[in-house]
Amino acid sequence: MFHSVVARDASKPEITDNHSYGLCQFGRWIDHLGPLDNDELPYVRLMDSAHQHMHNCGRELMLAIVENHWQDAHFDAFQEGLLSFTAALTDYKIYLLTIRSNMDVLTGLPGRRVLDESFDHQLRNAEPLNLYLMLLDIDRFKLVNDTYGHLIGDVVLRTLATYLASWTRDYETVYRYGGEEFIIIVKAANDEEACRAGVRICQLVDNHAITHSEGHINITVTAGVSRAFPEEPLDVVIGRADRAMYEGKQTGRNRCMFIDEQNVINRV
Numbered sequence: 000m001f002h003s004v005v006a007r008d009a010s011k012p013e014i015t016d017n018h019s020y021g022l023c024q025f026g027r028w029i030d031h032l033g034p035l036d037n038d039e040l041p042y043v044r045l046m047d048s049a050h051q052h053m054h055n056c057g058r059e060l061m062l063a064i065v066e067n068h069w070q071d072a073h074f075d076a077f078q079e080g081l082l083s084f085t086a087a088l089t090d091y092k093i094y095l096l097t098i099r100s101n102m103d104v105l106t107g108l109p110g111r112r113v114l115d116e117s118f119d120h121q122l123r124n125a126e127p128l129n130l131y132l133m134l135l136d137i138d139r140f141k142l143v144n145d146t147y148g149h150l151i152g153d154v155v156l157r158t159l160a161t162y163l164a165s166w167t168r169d170y171e172t173v174y175r176y177g178g179e180e181f182i183i184i185v186k187a188a189n190d191e192e193a194c195r196a197g198v199r200i201c202q203l204v205d206n207h208a209i210t211h212s213e214g215h216i217n218i219t220v221t222a223g224v225s226r227a228f229p230e231e232p233l234d235v236v237i238g239r240a241d242r243a244m245y246e247g248k249q250t251g252r253n254r255c256m257f258i259d260e261q262n263v264i265n266r267v
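Residue numbers for the sequence shown follow numbering that gives the first Met the number 0, beginning at 0 and rising by one.
Hints may be right or wrong, so weigh each one.
[To be verified] Once the Cα atoms are required to be at most 25 Å apart in a straight line, the calculated SDA-like pairs of lysine to any residue come out as:
| hint | residue 1 | residue 2 |
| --- | --- | --- |
| 1 | K141 | L105 |
| 2 | K92 | K186 |
| 3 | K141 | D38 |
| 4 | K186 | D38 |
| 5 | K141 | K248 |
Hints in this document: simulated from the structure, not taken from any laboratory.
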């Protein structure tokens with residue numbers, strides 16, 4: 000823009016066109032963004048609006064200078080537009096950094112921190128359904144790492160994360176809990192429905208091989224399912240599900256175990 004002002008050249012469409020905001024590199028990037036979720040959309044819309052306003056102010060300023068009828072108001076408007084655009088960019092960067100800090104880098108799933116911060120809200124708003132926590136652990140994952148190496152182990156974790164996310168319903172969330180453990184928050188009408196969800200997930204994992212650079216790996220998971228009762232802390236619910244899962248590991252693996260409110264554990 001400043002080169003055009005000095006050269007008195009008002010011919011560049013990415014500066015002087017009425018739709019110049021769509022011709023610059025940033026405008027083309029905005030136009031090619033894929034579908035956005037409801038959380039991200041307001042930030043992108045604000046950036047887009049501020050970007051258009053900045054371009055409009057810049058075009059008016061440049062034409063006023065080239066035609067020698069500029070006023071202080073032209074500079075003030077462009078400065079305000081530039082500051083608004085910079086602020087919108089900063090807000091979007093902060094949003095992205097917040098998302099990144101809450102997401103597991105390897106799998107792209109929400110991490111333990113997100114679960115910690117959202118669990119109480121999910122529990123309070125589960126009605127008319129009940130909330131259940133399913134804790135899954137990959138069976139003999141150390142053997143996978145020892146046999147194929149940690150890079151292939153990472154492929155297994157990423158692929159399983161993708162599978163789990165695609166096998167759950169829209170209102171259920173999969174979390175990377177740590178290591179080879181995942182948590183699924185399940186909403187179900189009763190214990191039987193929650194148990195069916197657990198069995199279904201275990202069977203799907205068993206039936207889907209994971210492809211990697213050297214071939215295929217078949218894995219299984221053991222799951223522990225527990226209902227979350229009103230006002231219960233997350234660590235209490237995880238503790239019960241963990242006991243159920245541990246019982247499944249001790250009795251054969253590749254199975255789903257349910258622990259009831261009397262702490263009785265059964266295979267389902």
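Structure-based check of all given hints:
1. K141 x L105: holds (17 Å)
2. K92 x K186: violated (33 Å)
3. K141 x D38: Judged against 25 Å, a Cα distance of about 37 Å means the pair is violated.
4. K186 x D38: holds (23 Å)
5. K141 x K248: Holds. K141 to K248 sits at ~14 Å (cutoff 25 Å).
Checked against the numbered hints above, the structure violates hints 2, 3; every other hint is satisfied.
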